[in-house]
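Next come the chains, spelled out residue by residue.
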Amino acid sequence: MRKMPRTILHLDLDAFFCSVEETRNPDLRGKPFAVGGKPDERGVVASCSYAARQFGVRSAMPMSRAVRLVPHLIIVPSRHRLYGEVSEQVMERLRNLTPLVEQISIDEAFLDLSDLRDKDPRQIALDLQAGIRDELGLPCSVGIASNKLMAKIATEVGKKGAKKGAPPFGLTLVPAGQEAAFLAPLPANMLWGVGPKTEAKLAELGLHTIGDIAAWPEADLVRRFGENGRELAAHARGQDERPIVTEHETKSISQETTFTRDVSDDKTLERTLRELAAEVGRSLRRNDLAGKTVKIKIRWPDFTTLTRQTTLPQPTDNDEEIVKTALKLLHTVRKPRQAVRLIGVGVSGLGAPVRQLGLWDGGSEKSRKLQEVVDQLQEKYGKGVIHRGES
Amino acid sequence: MKVIVLQENLARGLSIVSRAVSPRSTLPVLSNILIASDEGRLRLSATNLELGITCWIPARIEQEGSTTVPSRTLSDLINTLPADQVQLILDTQTQSLHVQGGTSNNDIKCIDAQEFPPLPVPDMDGAVQVNVADFKEMIQQVTFAASTDEARPVLMGVLVTVEKDQITMAAADGFRLAVRKATLSNAMPSPISAIIPARALNELARVAGDGEESIYMVMPKGRGQVLFRVKDVEVVSQLIDGTFPDYHQIIPRNYKSRTLVSTNAMLKACKQAEIFAREGSNVARLDIKPAQSDMQPSEVEISATSEETGRNETIVEATVDGGGMLIAFNVKFLREALEAVKTPNVAMETSGPNAPGVIRPVGNDDYIQVIMPMHLG
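Each protein sequence line maps, in turn, to chains A and B.
Position in the first sequence (from 1) plus 2 gives the number in the numbering used here.
Position in the second sequence (from 1) plus 1 gives the number in the numbering used here.
In short, the hints are calculated from the structure, not lab data.
Please note: incorrect hints may appear among the correct ones.
With the C-beta cut set under 8 angstroms, the calculated list includes, among others, these residues of chain A facing chain B [unchecked claim]:
no., residue
1, V356
2, L359
3, L361
Below, computed lysine-lysine pairings styled on DSBU-like, alpha-carbon distance capped at 30 angstroms [unchecked claim]:
no., chain 1, residue 1, chain 2, residue 2
4, A, K162, A, K203
5, B, K290, A, K326
6, B, K333, A, K294
Calculated from the model, a selection of chain A residues having no Cβ within reach of chain B, i.e. all distances over 10 angstroms [as the list claims (entries may be wrong)]:
no., residue
7, V72
8, V78
9, L99
10, E272
No residue lacks a Cβ here, since even glycine has one placed at the ideal position from N, Cα and C.
Make a model of the complete structure from these sequences and hints.
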């Protein structure tokens, strides 16, 4: 039996952070500006307006470089809470259309429209774009196709084809059966999983477009790239069977922070770790979870990033235990006074907080009871009211 | 050295001592087994410096001598030889051992016996003497409760105390405790207290055989060692340094609820619960239900749930004395505790969902176990 082709819609909010800022401050409209951190604090462009993009500014670019490109660039500090709220309004609108919504980031989502047979997908997309523009003041681009891979590429193609200097408002539809033809002329690096390394290897074989890859023998791709080769061949032909995943199960709870300036002071670092661990612990307890694995993440000033983790004999939701374990891990990778750019703590292996009681554990029971009291106080009077002393 | 032994004796001896071989030692000689002629018998010894095992087998000694042979090579070879005489001839010059059995001729490169760590020659005077079967049962009833966590070395051992004619073994991993007592046929003049690695006791139980003999135990003064001798085998182990936590104070003196069940029925229920519990956090819930009236039975409902596998629930008939209770345990602990109970019925006593659970064989006061429950958040 041939499967009914699915209808997947991919929606991407155009220059999301900037668009939100424009709704709050209409003066920014049409001007080159970027949302992100200050250039002297090593800020990075989180999002940039279409006017700024014309000068070559891109997101994830160091702000200092963006300013060199556009000396009159307006820098707007990011307001993540606000973006989160606006994003939620958009997602809410999508969920009203169908429960099959997979949010993949703050400004992107997939919708499975397969069951909305009596409606024209193009009309659904136009209605969505109009609604989001009129009521939330935000532009967005949409791709519609028979699977997630195609829908996302369709959105990208639509954005690229837009006129420069203004939001693209792309809408691209790839009819079922025409996937391969649509992909064929596109550059290989537009496929998922084709990074610079794979791209270079493909180029050596003379494979520059997605069509080139689709025409190449799959067996040879598998031989060269292993399982990825098989995926590559399928993707190049526009095949992708992955379903819409409606809710991400919480697999870990973590917190991290990037310092505005590298920190080499042991005390400061440990205090930060302590604060992050307390956040993680609070979040675990609020969600009635405990985890067995404690993980730390460290980024050195040269951007190399490493993680270290250890598994506890028993799941924990206790700040003190998380801190103790995280500090132990920190000491295994960091020399005293070694500079750190980013530090993070996480707990995974989550489950219900069952605790094996110990024969001699008066001590840890005390710590747990203390924790409950601290939580209650902080809940009521704010985080500043009380915290654990450091010894 | 020139020695003739029976293949089956040598194979048995090697299987006994090879458990003490340390295969990945930085000291090559520790991967070897010492073989030496010893007063008309052949002595086999292996040690990893913590645990040493020696075994004597019958042999015809035609020329005295000793060497150390790589354990794997010798064991694997002897196991494939026919069940007949095996001749061992050492070339002292080259330290090459010629092994001949049936039509098979082999030369194994050895290391000089001089390099093998000296094993203590024990003075068995004043040894504690216990019947093999009793001693093995004691070991099997406590060692499983010892910790495997290297971070707490003391708990990886079994506290063995001897006071007059009472010998006690206690092991705890921090979450459960098993204490077994026995009465000696002879009272000891002075008390003994030492922490013996659980592993050494397990090895002793394994090599001790099933006979009616006795096990003799001595702890030579100031050596930090314990030595066991049973028939033609000696086991020597380093003692664990440190103070065993006081366990007497954690054994509850009273209870609010006492549940009597068939050991077997309860054990089966636990095994079934474990199939589901092991996928998650190992929790089994025990719902202890006293009889509603004289005419109704009382029972324990054991249940376990796994997000992935599903759920299980078993009802075990019980005699409940005291109030009902919902209490959760690590089902592995509970199962191991019940497996160690030899009586047909077992009593479980507790005072609350967060209070220690006590497990006693009905009709035997020599054995007690304490298991801490799991707290359901």
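Evaluation of the provided hints:
no.: 1; hint: V356; in the structure: holds, 5 angstroms
no.: 2; hint: L359; in the structure: holds, 4 angstroms
no.: 3; hint: L361; in the structure: holds, 5 angstroms
no.: 4; hint: K162(A) x K203(A); in the structure: holds, 25 angstroms
no.: 5; hint: K290(B) x K326(A); in the structure: violated, 42 angstroms
no.: 6; hint: K333(B) x K294(A); in the structure: holds, 18 angstroms
no.: 7; hint: V72; in the structure: holds, 53 angstroms
no.: 8; hint: V78; in the structure: holds, 44 angstroms
no.: 9; hint: L99; in the structure: holds, 31 angstroms
no.: 10; hint: E272; in the structure: holds, 22 angstroms
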